[in-house]
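Line order of the protein sequences matches chains A and B. 1 is the number of the first residue of the first sequence in this note's numbering; add one for each residue after it. 1 is the number of the first residue of the second sequence in this note's numbering; add one for each residue after it.
The set of hints was computed from the structure by calculation and includes no laboratory data. Check the hints yourself; a few may be wrong.
Below, a list of computed lysine-lysine pairs in the DSS-like style, where the Cα atoms sit at most 30 Å apart [said to hold, decoys possible]:
#, chain 1, residue 1, chain 2, residue 2
1, A, K188, B, K484
2, B, K360, A, K97
3, B, K476, B, K193
4, B, K476, A, K97
5, A, K97, B, K225
6, B, K225, A, K188
7, B, K225, B, K73
Only part of the chain B face toward chain A is listed, based on derived beta-carbon distances under 10 Å [unchecked claim]:
#, residue
8, P243
9, V244
10, G248
11, M282
Note that CB positions come from ideal geometry on N, CA and C, so glycine has one too.
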Amino acid sequence: MSILNEISELVIKGDIMGTKAKVAEAVDQKVDATSILNDGLMPGINEIGERFAKGQIFVPNVLLSAKAMNTGVEVIQPLLAAGGDTTIGTAVVATVKGDLHDIGKNLVALMMKSVNLKVIDLGANVSAEKFVEAINEYHPDIVGLSALLTTTMNEQGHVIEVLKEAGVRDQVKVMIGGAPVTQGWADKIGADAFTADAAEASRWAKTYCTSIR
Amino acid sequence: MVGRIKYNVMNDQELQHMKSRLEQLLIERGIHLDHEEMLADLAKLGCVVDMENKDVKFTKELIDKAVAAIPEKFTLYSPGGKNDLTFPHPEGKFYTRTNTGAPNYRTVKGDTHYTTLEEVDEWYKLTNAMENIDYVTLPSTSGEYVPGDAVDVYTLEKALKHSAKHIWIQPYESDNVQWLIDMAAAAVGGHDKLREKPIVSFIACGVPSLTFKHMDAEVLYRCAKAGVPVQPCSLPTAGANTPVTAQGTAFIACAEVFAQIIMLELLCPGLPVIATTLLFSMDMQTTYTLQSNTQITIARLICMELFERGYNIRAHSYGTGTDSLTMDAQNFIERTNLIDAMAMSEASVLGGAGQLETAKTISPLQLIIDNEIFGIAQRIRCGLAVDDETLDWDELIAGMDKDPAFSFLMSEHTFRHYAEPHRPDMFNRDGLVRWEQEGSKTLTDKALEKFEAIMAAEDTYALSADKAAEVEKVLKQAHAALVK
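The shape of chain A in the complex, shown without the other chains (with noise of 0.2 Å):
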């Protein structure tokens, strides 16, 4: 087995330091950093979100495949071009203005983070504002509306006219999400996207980021 396919089963493993110590190996083997992210790294972690939709394992399993990777690609981070940006795009999550429900907006934010999306959390009851201020300080790729009552999922459809007011609405996808959302919700408000899960906005934002790129 090559160093790189040692690397890509010790994701799977979600073995955290070993998938550190075998990419510092890899390194110490002059072996190129590209090469050690792209073909040891994300070929564990992408077998790992196949695995996961196929139900094969766990959200923990995920996520610690997803830490021994990004353990791995801290390693080589200095060594990569154009500063080191691993990363397929980015995404601000948030759960909406008067909404303190955060456990689906934070699954998301995780199960992102697993498909090696950068995730700017701006955490829970986050005005429109805070949305507009974000998107012009962070430049994502995508915003994710997290809302867990039928109270809140206003909140939805009043921030994206706020994007719109703020002429930043066409620079990012909009995803909403929450108990009570569903797609006509998001027809109706103008999401780009609705995702009933979060292992679903990962796929979705993943799909979608690997387009533009």
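With chain A fixed as given, assemble chain B onto it according to the hints.
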């Protein structure tokens, strides 16, 4: 002896361990409470309050004082006056309630959508007719049909006008809490009368772990001031915002509920409270929140036992519900499994009637069937008295059955007891021939017939015109104040 059949899921040592750790957690770690006025009052009452970080710790003395103040007996009153609920239940039964918090309504035709105000009317007409449903909640009316800032206020107006049964209120905004209390007071002729005979009680809810946002603190604070009962609640999700173990989740839920009860009894000694632990778990494969995980059912039993046996506090949890999206076999297995377990717990209240899809949808047909299921479960809870009369000792020892003319069908003992076996209204008790002659109706078909009969009948309850006008007056004021 009625009401004596109980599961014990914790032995005495486990129960004492849980109590000891619970109190240690509240004394050493404490809670976070986002309510400055309440923090100041709690500090005056002797709690250890960090005003800057909004943290509260309790002392053992305060905990004991609060527990001692909890009334052993109290009544939740009904608007119609015919469904008052005396705690503990005088017959050893549990009380039941409808589901709360579901955004969706599934009509009898199978269409599922956000709940409308008209459907709230329908719901209360139905609950008034359900003999095994003791009190009601507010359906989560959609902000598409009433102002989003005042959904709870608009829905309470409907409840006060149409529900003959006690109303459990879940506010959605801090600013709405006092308006909801004012509206309930208007329905009974003032705040003093509401305090004397509370026709409503409130939900306040911890956001685990041990954190109370302003709205829920406001519920506790305003209810304590108004003398309105509270069913303090915790809604943890194992693995998501509480420990992944059912035991750890039960522990956090109990701690959150216990903290709320302590604060309420310190602020308003003698206030009726019901410890309400509504536990969920996260599925580690799909990440969906589940209601019907088996270990979580046991955790609910732990919570009931801790409060009822450990502290003599009335306790409340889910008694029905499902993770199924529809009224299929999974649905009925999960909800009957749950109610069979919970009926054997020490719970004083079991809830969730009418819900599907992990409490996200309410269904009139499911409510009608839950009414039947609760009827069965109450009889299981009550058990059977064992004595010479129920054994039919006199007839047997006299050898009456040896007489060729004797028939159990015609015996005096049978005449005294033949009507006792439970016959659920809608269950088939017929043979195949007549069942086919009458249209081969399923339970769901019969529930639909019952629904249509109830809807076709006259309303059995309406708030008096003068009180309704007072409620409307408060609604107008609340609208002006709340709707932006």
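Proposed proximity, K97(A) with K360(B) (alpha carbon, max 30 Å) = holds, 21 Å
Can the restraint linking K225(B) and K73(B) be considered satisfied, given a maximum Cα separation of 30 Å?
-> At roughly 20 Å apart (the allowed maximum being 30 Å), K73(B) and K225(B) satisfy the hint.
Hinted pair K97(A) and K225(B), Cα distance within 30 Å = Between K97(A) and K225(B) the Cα gap is close to 28 Å, so the pair holds against 30 Å.
Holds or violated: is there a CB of chain A closer than 10 Å to the CB of G248(B)?
-> violated, 15 Å
Holds or violated: K476(B) with K193(B), Cα cutoff 30 Å?
-> holds, 22 Å
Agreement of K476(B) and K97(A) with the hint, judged by alpha carbon distance not exceeding 30 Å = holds, 25 Å
Restraint check, 10 Å cut-off on beta carbons, for M282(B) near chain A | holds, 8 Å
Mind checking the CB of P243(B) against every CB in chain A and telling me if the closest is under 10 Å?
-> violated, 13 Å
Given hint K188(A) paired with K225(B) - CA-CA distance at most 30 Å = violated, 42 Å
If you draw a straight line from the CA of K188(A) to the CA of K484(B), is it 30 Å or shorter?
-> Measuring from Cα to Cα gives roughly 22 Å; hence the hint holds.
Does the nearest C-beta of chain A fall within a distance shorter than 10 Å of the C-beta of V244(B)?
-> Holds - the Cβ of V244(B) comes within 10 Å of chain A, reaching about 9 Å at its closest.
Violated hints for the displayed structure, listed by number in ascending order: 6, 8 and 10.
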